[in-house]
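Protein chains: 2
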Amino acid sequence: MEPGAIYFDGNSLGRPLRSTLEALTDAIQQQWAQGLIRSWDRWRELPLQVGDQLGQSLLGACRGEVVVADSTSVNLYKLARAATAAQPLRRVVVVEEDNFPSDHYVLQGMAAFSDLEVRTFPVDPDEGWHLQDLDKALDEGVALVCLSHVSYRSGALADMKGITRAVHARGGLVLWDLCHSVGVVPIDLTDAGADLAVGCTYKYLNGGPGAPAFLYVRQELQERLRQPIWGWFGQQDQFEMASTYRPVQGIGAFQAGTPSILGALAVAEGVRVVAEAGMPAVREKSVALTSYAVDLAERWLEPLGFRLASPRDPLRRGSHISLHHPHARHLTGVLIEDGVLADYRAPERIRLGLAPLTTSFCDVHDGLRRLGELASEHLRTSEAAT
Amino acid sequence: MEPGAIYFDGNSLGRPLRSTLEALTDAIQQQWAQGLIRSWDRWRELPLQVGDQLGQSLLGACRGEVVVADSTSVNLYKLARAATAAQPLRRVVVVEEDNFPSDHYVLQGMAAFSDLEVRTFPVDPDEGWHLQDLDKALDEGVALVCLSHVSYRSGALADMKGITRAVHARGGLVLWDLCHSVGVVPIDLTDAGADLAVGCTYKYLNGGPGAPAFLYVRQELQERLRQPIWGWFGQQDQFEMASTYRPVQGIGAFQAGTPSILGALAVAEGVRVVAEAGMPAVREKSVALTSYAVDLAERWLEPLGFRLASPRDPLRRGSHISLHHPHARHLTGVLIEDGVLADYRAPERIRLGLAPLTTSFCDVHDGLRRLGELASEHLRTSEAAT
Numbered sequence: 000m001e002p003g004a005i006y007f008d009g010n011s012l013g014r015p016l017r018s019t020l021e022a023l024t025d026a027i028q029q030q031w032a033q034g035l036i037r038s039w040d041r042w043r044e045l046p047l048q049v050g051d052q053l054g055q056s057l058l059g060a061c062r063g064e065v066v067v068a069d070s071t072s073v074n075l076y077k078l079a080r081a082a083t084a085a086q087p088l089r090r091v092v093v094v095e096e097d098n099f100p101s102d103h104y105v106l107q108g109m110a111a112f113s114d115l116e117v118r119t120f121p122v123d124p125d126e127g128w129h130l131q132d133l134d135k136a137l138d139e140g141v142a143l144v145c146l147s148h149v150s151y152r153s154g155a156l157a158d159m160k161g162i163t164r165a166v167h168a169r170g171g172l173v174l175w176d177l178c179h180s181v182g183v184v185p186i187d188l189t190d191a192g193a194d195l196a197v198g199c200t201y202k203y204l205n206g207g208p209g210a211p212a213f214l215y216v217r218q219e220l221q222e223r224l225r226q227p228i229w230g231w232f233g234q235q236d237q238f239e240m241a242s243t244y245r246p247v248q249g250i251g252a253f254q255a256g257t258p259s260i261l262g263a264l265a266v267a268e269g270v271r272v273v274a275e276a277g278m279p280a281v282r283e284k285s286v287a288l289t290s291y292a293v294d295l296a297e298r299w300l301e302p303l304g305f306r307l308a309s310p311r312d313p314l315r316r317g318s319h320i321s322l323h324h325p326h327a328r329h330l331t332g333v334l335i336e337d338g339v340l341a342d343y344r345a346p347e348r349i350r351l352g353l354a355p356l357t358t359s360f361c362d363v364h365d366g367l368r369r370l371g372e373l374a375s376e377h378l379r380t381s382e383a384a385t
Numbered sequence: 000m001e002p003g004a005i006y007f008d009g010n011s012l013g014r015p016l017r018s019t020l021e022a023l024t025d026a027i028q029q030q031w032a033q034g035l036i037r038s039w040d041r042w043r044e045l046p047l048q049v050g051d052q053l054g055q056s057l058l059g060a061c062r063g064e065v066v067v068a069d070s071t072s073v074n075l076y077k078l079a080r081a082a083t084a085a086q087p088l089r090r091v092v093v094v095e096e097d098n099f100p101s102d103h104y105v106l107q108g109m110a111a112f113s114d115l116e117v118r119t120f121p122v123d124p125d126e127g128w129h130l131q132d133l134d135k136a137l138d139e140g141v142a143l144v145c146l147s148h149v150s151y152r153s154g155a156l157a158d159m160k161g162i163t164r165a166v167h168a169r170g171g172l173v174l175w176d177l178c179h180s181v182g183v184v185p186i187d188l189t190d191a192g193a194d195l196a197v198g199c200t201y202k203y204l205n206g207g208p209g210a211p212a213f214l215y216v217r218q219e220l221q222e223r224l225r226q227p228i229w230g231w232f233g234q235q236d237q238f239e240m241a242s243t244y245r246p247v248q249g250i251g252a253f254q255a256g257t258p259s260i261l262g263a264l265a266v267a268e269g270v271r272v273v274a275e276a277g278m279p280a281v282r283e284k285s286v287a288l289t290s291y292a293v294d295l296a297e298r299w300l301e302p303l304g305f306r307l308a309s310p311r312d313p314l315r316r317g318s319h320i321s322l323h324h325p326h327a328r329h330l331t332g333v334l335i336e337d338g339v340l341a342d343y344r345a346p347e348r349i350r351l352g353l354a355p356l357t358t359s360f361c362d363v364h365d366g367l368r369r370l371g372e373l374a375s376e377h378l379r380t381s382e383a384a385t
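So the sequence lines, in the order shown, correspond to chains U and P. Heads up, the first sequence is in numbering that gives the first Met the number 0, so the first residue is 0 and it goes up one at a time. Heads up, the second sequence is in numbering that gives the first Met the number 0, so the first residue is 0 and it goes up one at a time.
Simulated from the structure, these hints should not be mistaken for laboratory data. All C-beta atoms in this analysis are idealised placements derived from N, C-alpha and C, irrespective of residue type, glycine included. Treat the hints loosely; a few may be bogus.
[Unchecked claim] Straight line, CA to CA, 25 Å or less: simulated SDA-like cross-link-like pairs of lysine to any residue: (1) P:Lys135 <-> U:Thr243; (2) P:Lys135 <-> U:Ser242; (3) U:Lys284 <-> U:Gln218.
[What the hints assert, rightly or not] To spell it out: a stretch of chain P is covered by chain U in this simulated footprint if at least three of its residues, at any positions, have a beta carbon under 8 Å from a beta carbon of chain U; those stretches are: (4) 4-13; (5) 17-30; (6) 38-51; (7) 126-138; (8) 177-186; (9) 210-223; (10) 284-294.
All chains should be built: construct the whole structure from the sequences, respecting the hints.
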């Protein structure tokens, strides 16, 4: 990043760690170039090892419940199909209206290829959603509920435990999308009684563009659920070359084809660094960063027509906030040109992602001041034009 | 690789190119670390660009028919489901008995989740298979035939054009697995009238362990076929964040989630180097290498109980050969310990992959001489023991 630039997109693509290049250089020069095919002895279990590392240090999962593999969409597909196939009398999948678009796409695709029905329930685009709205969407036909732990737009943080309990009371399973919470919000899947989860690693885990995603299946469900993409890495004794699929026991069966080794190694670096910092410290800085941004926005930006489009209570949000402004699209453009990298999110929101490991309080101060200056300028120009 | 070692596994994991590390270092230090989220402007189309580069230079595909994405298994799943969904009155998928095991697994999984039937037809494990055996398996119920272009075990090379024509005559589609032929055998999907293809990039394309695979869909089929994993990278104007899936036109819709960018860049290096060498030269050296290996095996190894388990005609094989020996498993072990890296393939075969870019005639000479010496020793020891 050029000197003086400010990065508010660590929630979209985390910055590379210094150790990432070192780890990949070693993997290419030693493991791949020297070890060659023999390195599969160490690579074979890598997706499970990195999965355990991630699961145990950041997700509150037990050993053997997480694997790093494929993309978030492919993992969501595998788990959602597994969950619905296991409950043939329940043909409805419920998804929050404001869930990340590609989660909708995966479920819509599943419905188009089957007799499943996708049902949405309303969500407040700024404040997140309320249990009673979800509750109205639940009935005896619901096999699965797909929810984001942290909303990609508002940053609203869901009550994982309460919601999981409510869905379980109606007999369904819950699949959590952890993309916007993993590595930045404390997660305890075991304590929450969570069933299934997926997430990406290129945001707060700094795994790099398109790094492999992860998936979680609660141990007791692993026997009962069967994912649909039967592949080489789910097979027992793969080098026996049996032509009949006999899946391994446990989370390994939720893998499909050959996993990206360089990708998994990059993920391992990100997980290690976040775990070293420790989730309590990471969360503390995250809350302080978003709170500081909200304070400054109130003081400097609300008078210029901005409105906080995220929960005001820091305990009810993740590590990004959104600011609504009628000219948000234009303002995001000039802000980026000015070296403050932020995201426009429809409708009419500037989204500021504050990655605790790499965002400073000075970044927040300077970035919001700059946004205020640009907005004032824009206001003056618009007024002069009218 | 340690000095003196010989690598006969370039058909399983190709060696890294010198430019791979350079390309990935640049991608991490410049594109990712400096460009950050802005680099998605150039990365967004990368899977399609590398797909075109691969398709046009090595597959005889037209522009817009190939994309680099996901793993071979996930791609096979997407295309096989797309092909069978488009032909609801045909419920049979035919697969060669000796196809790569994971191709079987993917199809078995599809059948377990639907009303599809998987039908196999016999293949000679050494010589490959005959059109009449396939023909017997074809009838009006067959939607799709899945075949390997080059057999993973024997190296037998299929007549892509003749077979495709035979299947088309019965109204089915053909899906070619190009894992063992891409980058080493001339392929002309357009001339062959091929429908669908998948393949990996970590063998003769030197993309690295778990590098993204590719898929091909003939242009005229792209409108008609709809793949089942509807994802973020198949969506029109993805950053409009529409919650309804509207796929892009063309091959892009066969993508699912966020693609591995480092993986695609490594693939681009491999494709570039093979294309620079030129497929005629690559094939010429490949034929010379396997022919030399067959000659030496006849002279040195047949007297020791080995038998060629690959087609003797070099035009009927890819770039690896298999040698049958009753103690192949044991001999492969001692051969590898001795620094000659080869593969054991059940039943009772040593497989020698001769990657033209990185295998020398001296490697073939020295490796086979060493195998002969070890086999003689083994024979003496076994005789002494009896």
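These are the hints, each one checked on the structure:
1. P:Lys135 <-> U:Thr243: With a Cα-Cα distance of about 22 Å, the restraint between lysine 135 (chain P) and threonine 243 (chain U) holds, given a limit of 25 Å.
2. P:Lys135 <-> U:Ser242: Holds - the C-alpha atoms of serine 242 (chain U) and lysine 135 (chain P) are around 21 Å apart, at most 25 Å.
3. U:Lys284 <-> U:Gln218: violated, 33 Å
4. 4-13: holds (count 4)
5. 17-30: holds (count 6)
6. 38-51: holds (count 3)
7. 126-138: violated (count 0)
8. 177-186: violated (count 0)
9. 210-223: holds (count 3)
10. 284-294: violated (count 0)
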